[in-house]
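The task is simple: from the sequences and hints, build the whole structure.
Line order of the protein sequences matches chains A and B.
For the first sequence, position 165 matches number 165 in the numbering used here, and the numbering has no gaps at all.
For the second sequence, position 166 matches number 166 in the numbering used here, and the numbering has no gaps at all.
Hints are computed from structural coordinates only; laboratory data are not their basis.
Note that the structure is a prediction, hence the values are computed from the model and not measured.
Note that the Cβ used here is the ideal one computed from N, Cα and C, for glycine as well.
Computed spacing ranges between beta-carbons, pair by pair:
#1 B/T151 / A/D265: 53 to 63 Å
#2 B/D284 / A/E87: 35 to 45 Å
#3 A/D341 / B/P282: 18 to 28 Å
#4 B/D284 / A/P28: 21 to 31 Å
#5 B/A118 / A/N301: 35 to 45 Å
#6 A/N301 / B/G334: 15 to 25 Å
#7 B/P282 / A/G334: 29 to 39 Å
#8 B/D284 / A/N301: 21 to 31 Å
#9 A/D341 / B/P244: 55 to 65 Å
#10 A/P28 / B/P282: 29 to 39 Å
#11 B/G334 / A/R232: 52 to 62 Å
Partial list, computed: chain B residues near chain A (C-beta under 10 Å):
#12 W23
#13 V330
#14 V331
2 protein chains.
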Amino acid sequence: MDAARSPRITPVILAGGAGSRLWPLSRPGRPKPLIALSGKESMLRVTASRVVDPKRFAPPIIVCSEDIAHAVEAELDDAALLILEPEGRNTAPAIALAALNVEPDALLLVCPSDHVIADEAAFLAAVDVAQPAALEGWLVTFGIKPDRAATGYGYIERGESLGRGIFKTASFREKPDTATAEGWVAGGQHDWNAGIFLFRAGDYLQALGAHEPKVLEAASKAVSAQRREGRRAWPDSQAFAASPSVSIDYAVMEKASRVAVAPVDMGWSDAGSWDALHELGPLDADGNLLLGDVAAPESANCLVRGERVKVVALGVRDLIIVATGDGVLVVPRGDSQKVRDAGALLEKMREKK
Amino acid sequence: MDAARSPRITPVILAGGAGSRLWPLSRPGRPKPLIALSGKESMLRVTASRVVDPKRFAPPIIVCSEDIAHAVEAELDDAALLILEPEGRNTAPAIALAALNVEPDALLLVCPSDHVIADEAAFLAAVDVAQPAALEGWLVTFGIKPDRAATGYGYIERGESLGRGIFKTASFREKPDTATAEGWVAGGQHDWNAGIFLFRAGDYLQALGAHEPKVLEAASKAVSAQRREGRRAWPDSQAFAASPSVSIDYAVMEKASRVAVAPVDMGWSDAGSWDALHELGPLDADGNLLLGDVAAPESANCLVRGERVKVVALGVRDLIIVATGDGVLVVPRGDSQKVRDAGALLEKMREKK
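As structure tokens, this is what we get:
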């Protein structure tokens, strides 16, 4: 299709996640979107730079907490609006805040700011594929072809084809057990839910009102009473506090009738754990992913990362070693899902001091 | 014997070692004697506090390099003299500098400043045992009963008894192979050479002149021309540079005729590697030695140490993990002898930057 003749899309970048499994790099006040996981640019900057083509995209709306607003602005050359969530209430209310700050027929592309997309051209092509459906009132989600029976993701089951590479969704299913996930992967009808969505603001709000009216009501009141200063907007905190804390998947996508999925193969990773990052590589000849001022003689299949600190991993195998100037993590490869608790443990140690 | 009626002993504390196997805690400018390996007091302070009884000991002489002189003074409440070696030339010249700065009949107790002695009473009792022999002109060394067939130490073979717990030495033998070490340990006639000596200054210098005259000549000239300021003495660097670099064992103890050994069981460790320190403990119920702001859930048989940095070791086994604010080491337990090269590697990385 001819992007120049279509209405421009407004990216809504969600920058609220903590990334607690990425301690010690992520931590309160320095959440995952602000980390340069690849060692160069922050996840947020990488996310924003994917949707920067002015023919296709309007300047983005960022939803984040106030304590990182300054850091977020420093990462972005151009943002239409920073919506400062009074508190984190999960994605359904956060997206409602954005949708209520634009015209009802504005097309919103909701993007988490802490995922990796290796093939940006494929991503943009999928957005082009999804756009006509969104303009017809579909709530479109993007489905990632699973390459393993992951149990930590949500899955989307494809239903009937809507043509042009889009399918009506048959069901949304949260984190399955291994056997179920294996069946889905073998069946070929399920995709991972990447948390990326394209829809008109009004269509989202209408579905939200139908299925989670308390969220819509709270967000509407919060935006009606919001304070605005330059590019920053502060929705009313008291009104927003009345919203249930609920994900867009649970609140809307699993329940609404006009929900579609656009399958896309774009080298996606949620980059949600050190293991996921090790898989992304690039690995050296010994299977090591080395980042920063590190040395790993006689070591294999390790992720070794040093930020403002030198790290020597000497003759070790299958370890994740991440060090900053004030925190060090060592965990076997494959166990990095456990890090969330470790980070909490350390924060507790910090408080005691 | 009645210590009060004997001449007081002058401790000579050698604080020249780098301890390069203890990276990242030890490093240039912060050698092992200045590290609080037990987490509380520096090795140097602990060493000095062993020989502080004024009935037995005169204030100590410290031999060290000038770049750590200030740090050394800060560690010691009372030192007679800091002899600042112009350069490290191993122990024979260093001890000669001390011997030339006292009267010939002064009794010198030469102590490395980077070893652990758990049973200080046993150590002091051994000094009492050795003192009469030293006053009779013997060069007395202290022998540690081996508890394993270590190949990294020197061994002293006991010869005929001189009575009162002292033996003439039959031979000094440097680092043996494993089979030889096993034979010695089984035979019961060999002790480890701990590098601790008691002798009169004049007896040492006489033996040094007989067997390594160039060392004596260089040290004598260096002390004749030494500059003195307060408690600090600077032997002449040009004169000292002419000395061969040689250990007291090789220069004197292996060659002199009146050499004796006082075996002593005093919980000695050279604390020369992270593995040696792990063995010293104290270990928790999971076999972990944890020092500093660290957590090791589900981990076992590890040494985890954090200095000015928080460390989480999550579900790992048999690892040594040592972190400071600017360096991190991870190495399997049992391999910490390899750390010397790692430290060198890192220093090289540092220079390149």
